[in-house]
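Visitor: Sequence:
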Amino acid sequence: MIYLISRAPRFSPNSVERDEAIFKALLMELALQGRAVRSIDEEALPDSLVDADLVVSMGRAADTLRYLAELETRGVPVLNSPTALLRNTRSHLDALACSVGVGVRSMGNTTDVARIEQVVGYPLWLKRGDATAQSVGDVRFVTDLAQLSEGLHFLVDNGCTDFVAMEHVEGDLVKFYGVASTPFFHCTLPTAEGGFSKFGLEAHNGRPQGHPFDAEALKATADRLALASGMPIYGGDAVVRPDGSTALIDFNDFPSFGGCTQAAAKAIADHVAARLSEGSTFLTHS
Numbered sequence: 110m111i112y113l114i115s116r117a118p119r120f121s122p123n124s125v126e127r128d129e130a131i132f133k134a135l136l137m138e139l140a141l142q143g144r145a146v147r148s149i150d151e152e153a154l155p156d157s158l159v160d161a162d163l164v165v166s167m168g169r170a171a172d173t174l175r176y177l178a179e180l181e182t183r184g185v186p187v188l189n190s191p192t193a194l195l196r197n198t199r200s201h202l203d204a205l206a207c208s209v210g211v212g213v214r215s216m217g218n219t220t221d222v223a224r225i226e227q228v229v230g231y232p233l234w235l236k237r238g239d240a241t242a243q244s245v246g247d248v249r250f251v252t253d254l255a256q257l258s259e260g261l262h263f264l265v266d267n268g269c270t271d272f273v274a275m276e277h278v279e280g281d282l283v284k285f286y287g288v289a290s291t292p293f294f295h296c297t298l299p300t301a302e303g304g305f306s307k308f309g310l311e312a313h314n315g316r317p318q319g320h321p322f323d324a325e326a327l328k329a330t331a332d333r334l335a336l337a338s339g340m341p342i343y344g345g346d347a348v349v350r351p352d353g354s355t356a357l358i359d360f361n362d363f364p365s366f367g368g369c370t371q372a373a374a375k376a377i378a379d380h381v382a383a384r385l386s387e388g389s390t391f392l393t394h395s
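With the sequence shown counted from 1, adding 109 to any position gets you the numbering used here.
Honestly, the hints are just simulated from the structure, not real lab data. There could be a bad hint or two in this list.
As the list claims (entries may be wrong) - Computed beta-carbon distance windows for the label pairs: (1) GLN318 x ARG175: 42 to 48 Å; (2) ALA326 x THR182: 33 to 39 Å; (3) ASN123 x ASP221: 19 to 25 Å; (4) GLY230 x ASP162: 46 to 52 Å; (5) ARG119 x ASN218: 20 to 26 Å; (6) THR182 x PRO317: 29 to 35 Å.
Unchecked claim - Below, in silico cross-link-like pairs of lysine-lysine (BS3-like), each with a Cα-Cα straight-line distance of 27 Å or less: (7) LYS133 x LYS328; (8) LYS375 x LYS328; (9) LYS133 x LYS375.
Ideal Cβ placement from N, Cα and C applies to all residues, glycine included.
Please construct the entire structure, taking both the sequences and the accompanying hints into account.
Guide: What follows is the structure, given as structure tokens:
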């Protein structure tokens, strides 16, 4: 039996319908492939999933991840790996991005504003990393000391345990979606035609100038990061500089796949089929 676990609405700011769309599309795709599949609400998990052959989860609550991590320790493949997700704070993912050559200047978990100004500089992004952004205050574009101090106070006052100050990279913003070990990879320019935005922050990069970039190389890099992070079902943001080089500024677990829902569902279902035929868990690294 394959179990699909949905995402609680609080983890889908302005994206509930989009998350429901990919969830339903994947459910249908697996059923069409003849798989025995059952859907479960993240907020109504059963005591156990004794008959699970594989779990595909969009869940993001810490309790959900711990529940699934226990299942994973018993040899049940879970996509994406809950053990990896519990480890993958933003600061950890930023370090991994640097390790594959696409990171940017950043500092994690410091409230030393002078040091942030020296190492990162303005403008910069202040991003919560211990949980998925759920409000506009969790991700901020910062241009001066007053905004930086306000943002840091907000994060600390709200109990944030992981955050990153990251340089702002000028260039064309590219949003990408992929599924590792499949040909599927989809790129969009979200500021070109007023595309979907959770919080409207993409506007800080302005309209794209059409800088050329190698989408295949971006996919190869993203797939390497997916392998390193234990998140084969992924999405993210990159910035293409005028010289064509790319900087990865965000990497996310199981996105909504806006604009490519059906193709993504097919790719995820194919990845599931490969995992079941392998009979082994997805490789994750610390």
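Visitor: Verify the CB-CB distance for ASN123 and ASP221 against the hinted window 19 to 25 Å.
Guide: violated, 33 Å
Visitor: Does 29 to 35 Å hold as the CB distance between THR182 and PRO317, or does it fail?
Guide: Violated, at about 45 Å.
Visitor: For the pair supplied as a hint, LYS133 and LYS375, is the alpha-carbon distance within the 27 Å limit?
Guide: holds, 12 Å
Visitor: 42 to 48 Å was suggested as the range; check whether the CB atoms of GLN318 and ARG175 agree with it.
Guide: Holds - the Cβ-Cβ distance for GLN318 and ARG175, about 45 Å, lies within 42 to 48 Å.
Visitor: Does LYS375 pair with LYS328 here, judged by a C-alpha cut-off of 27 Å?
Guide: Distance of about 18 Å is within 27 Å: holds.
Visitor: Decide if the proposed pair is consistent with the structure: LYS133 and LYS328, CA atoms, cutoff 27 Å inclusive.
Guide: Between LYS133 and LYS328 the Cα gap is close to 25 Å, so the pair holds against 27 Å.
Visitor: Per the hint of 46 to 52 Å, is the separation of the Cβ atoms of GLY230 and ASP162 within bounds?
Guide: Holds: the Cβ-Cβ distance is about 50 Å, inside 46 to 52 Å.
Visitor: Take a look at whether the Cβ-Cβ distance between ALA326 and THR182 falls inside 33 to 39 Å.
Guide: About 36 Å separates the Cβ atoms of ALA326 and THR182, which means 33 to 39 Å holds.
Visitor: Is 20 to 26 Å right for how far apart the beta carbons of ARG119 and ASN218 are?
Guide: Holds: the Cβ-Cβ distance is about 24 Å, inside 20 to 26 Å.
Hint violations for this structure: numbers 3, 6, all remaining hints satisfied.
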